[in-house]
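Novice: Sequence:
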Amino acid sequence: MPMTAPLAQSLSTTEANPDSRPDTRFSPAAVEARWAEAWEVGGCFTTRLDAAEPFAIMMPPPNVTGTLHLGHALDNTLPDILIRRARMQGKAALYQPGTDHASIAVHVVLEKQWAKEAKEKGQKALSRFALGREKFMEQAWAWKDYSHGQISSQLRKLGISCDWANERFTMDAAYVKAVNTAFVQLHAQGLIYRGQRLVNWDPKMQTAVSDLEVTHKEVKGHLWHVRYKFENGQLYNGNDGIEIATTRPETILADGAIAIHPADPRAADLVGRTVLVPLANRTIKIIADEMVDPDFGSGMVKITAAHDFNDFAFYQRHKVAHNIPLINLMNPNGTMNSNCPADYVGLDRFKARKKIIEDIEAIGQLIKVEPHTHNVGHAERDDTILEPYLTWQWYAKGAPLAAGCLQAIDQGEVQFINARDQKVMRHWLENIEDWCISRQLWWGHRIPAWFKGVEGEAGFEVKIQEAAPGPEFGEGWRQDEDILDTWFSSAMWPFATQGWPNATTARLAQFYPNSAINSGRDILPFWIMKMLMMGTQLMGQAPFKTIYTHGLILDEKGQKMSKSKGNVLNPLELMEKYGTDALRFTMASIASSEDMRFSEAKVEQNRNFCTKLWNAARLLQMNGVSYNAEVAKEFHLRILKHPINHWIVGKLKKATIAVDMHLDAWEFNQATHHAYHFTWGTFCDWYLELTKPMLAQGDEVAEETRACMGWAFTYVLGLLHPFMPFITEELWQKHTAAPQGHFLMLQPWPDVHIWPIDYEAYGHTTLLVEVLTLLRQARTQYKLPPKSKLEIFIRNAAPELLSVLQTNAAVLNTIVGVETLTPRTQAAGQGEAMLQAAGAEIILPLQGLVDFAAERARLGKEVEKQQTELTRLQGLMNNPGFTARAPADEVAEKRSREAELQAGLVGLQALLDGPYKV
RNA sequence: GGGCGGUUAGCUCAGCGGUAGAGCACUACAUUGACAUUGUAGUGGUCGUUGGUUCGAUCCCAAUACCGCCCA
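Take the first sequence: its letter number 878 is residue 878 in this note's numbering, and every next letter is one higher.
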């Protein structure tokens, strides 16, 4: 007989067509696209700008460098869960979307593209300098449009509920205005200055990068030992010169001094003498300084102030006393410049190194070469070996900006979800250096500074202002060619997105400071610290109240995901295969401040969870249960009679409280744990099983149960909605009696605190569940045929236990096959098994089914186990320290457990000594 | 060299003062019944080591070993 006929009769009125009976599996693809659009069209994402309590989080703006990866999925799912809950709680929830122009990263992307295209055509790769600034910017904007389109469509697919109407890009006109204003203000406050010093220079991109963007890597190189001769063939202690070891021989041509440790025994003899720089034939002084490590190399080092950070510091200490030259040997692209002898001019820095070694060897001054491993700075973005390089740059003063942040932290204005972040942040702030904020790139915010004359020379002038200097300032002004570090603009994200510097915008007043910020721990110093600086300085208040960071997503083997390793998982593919809800739930369930191992198996597990939920809905539907807003509204908890219905209300309340508590604490993994186990383990495995016989009764119990099930499931959907928006919306809409244009997404969050709970009824059901569990165990253990029926007895049962078991005779029958349950006073005898449950003895007549030896062994083990626990408890009770000092409920609890064990042991022992005696 | 973490079941991880939990894996049984993307039951751990605090320590403190990340 086909299933559909009887089913159709039991369908709820809203689902009259039998053909629309849902399949046993949830098909996410169509459903997701439909709701993503309906929510947006239905205005669900629009931020309330009324007096509601604000809850604002700024999206960490993805770089417009391509498409999103799993890290983005995590970064956006977590805040979206809180935002969706806040929206349901009736708050003015704002998840501020937007993208970051990602200056150097976009430069790298474009250059890679050109290199690829050129290779295909067999041509030489284009450089941005050949293209020119204007054409370059056109290409960059085109790329931005492409990447932005990808990103926003992916975020929509992820179900991220942000206020798209207010989306921002860090290079929008209004944002540019904000950045310029910030630069001018910070300069006026004396926090930005121009300085000439060594920077980390990327010769490939031809720009400065900040200290934080330098990755130190171990590189296998060499240590070249070179003889520096004394002038005119002089000898000291029989030597015609000194030995200097260097890892960078190409800088020899710029040597300005030799340094030796003052405590070095040779120092007395050598300090103050001069030596000849090989090949250059200039004389330089030997100077004492404690920076030298006497145990490294030859114990003396050459000083090349324009090409080494330590040497530059040495230069600052000694330049006045010793008139040390500061020689720059390189062009911005890493080739040797005209300060070198003609033979070297124009050579690439690494070719020059090779040639210099050859030339020094040719004149007999190369003593030896040793292999040597050392740390070399690489550019984080393009992996080029960086060059310490002398340039003029703009700097932001670290210390005063950090002071404001430290004050905000000290005063508790900002809370760190992860205590360690506060330690790390303090460490950064307390050891801060000035921040190089200018970059010699094009894609970004051109610095609002105007120059006249040659920098470093007399008559040079600078003006800091948003517009070009007018004619009243005379001719010859030019705007600084440089742009700002990307982090300068993203540091303003919490307020520049809300209308700053226009201080009167309602959004700014409502949403600043933001409620929280969320990001990967890896950008704590880049972004979160910079936002703290800008916020405290420009807004006078920390930009957010809560800081949450998470670790990195690793693959299932604990390795970093990377294209070269081929272990990258694409969120879009996972969403297609398992559904967005499964991916979102997985993200929340693995969220951690530590690095997280991600695996497809976890997504699969959560896809199964979706299937479970889907089929639970099917069961309700097949039983004529409606679950929707109307049912929920008309349902009155106070009129509930049946203890099992009271029980599920209590369980749902407990689960919701737990989910709320963990979400408040940003403990997403714990929140999903409670939501998952309540839904699957309590609601589906127990409640939906317990209610089957209740519904079959067809009386007022069935009626009440049907109503309660529908009510409870409505709230289960609400509870799960922030984690799994699509499937929950689909199920809710499928049967909802709510008017058109209503969404689960906008339903009130379960307000469980007003739910009355009948704890007595709840407790009785707990007893019932305990008995059912024991009987299930017994059925397995005694290998009872699955469909066999039992006639059992109960002894020493408390009246409430007896009552709940008798009330639920149908449940006992359906779930554990108990046909009759009869109280009796006689203990278990021959051929009977005894189970201890809820303080009573349940007796199963199992004539012929019990292996007496095995049963004796089991009971013996049980006695042993209980005896061990009893002994421990008795020890505790005899310990006056415990009874006197432990909390009273703790003592009372142990005491009652002790009594329970004692009674139980008597029963077990009686069985062993009586019917089970060998 | 400095800073910050981690070490709990075969694997991945929760828990964090009253001698331990989940998912996966594994074992047994079940399957016309919402769901085999299933159900029921079970196996599996001296919570890295050593001290200390405490009536009581996986949990707090200290030392130590190993592993990891960040900075220099």
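Some clues are possibly wrong.
Estimated spans, in silico, between C-beta atoms of each pair [what the hints assert, rightly or not]:
(1) G456 to R282: 17 to 25 angstroms
(2) T504 to Q407: 24 to 32 angstroms
(3) G566 to Q123: 28 to 36 angstroms
Listed next, the in silico DSSO-like pairs over lysine-lysine satisfying Cα-Cα at most 27 angstroms (straight line) [said to hold, decoys possible]:
(4) K641 to K602
(5) K217 to K351
(6) K144 to K121
(7) K354 to K368
(8) K354 to K124
(9) K612 to K563
Just so you know, these hints were derived from the structure itself, not from any lab. Since this is a predicted model, take the numbers as computed values, not measurements. Think of the CB as a built atom: it goes at the ideal place given N, C-alpha and C, for glycine as much as any other residue.
Novice: Failing hints, ascending?
Specialist: 4 and 9
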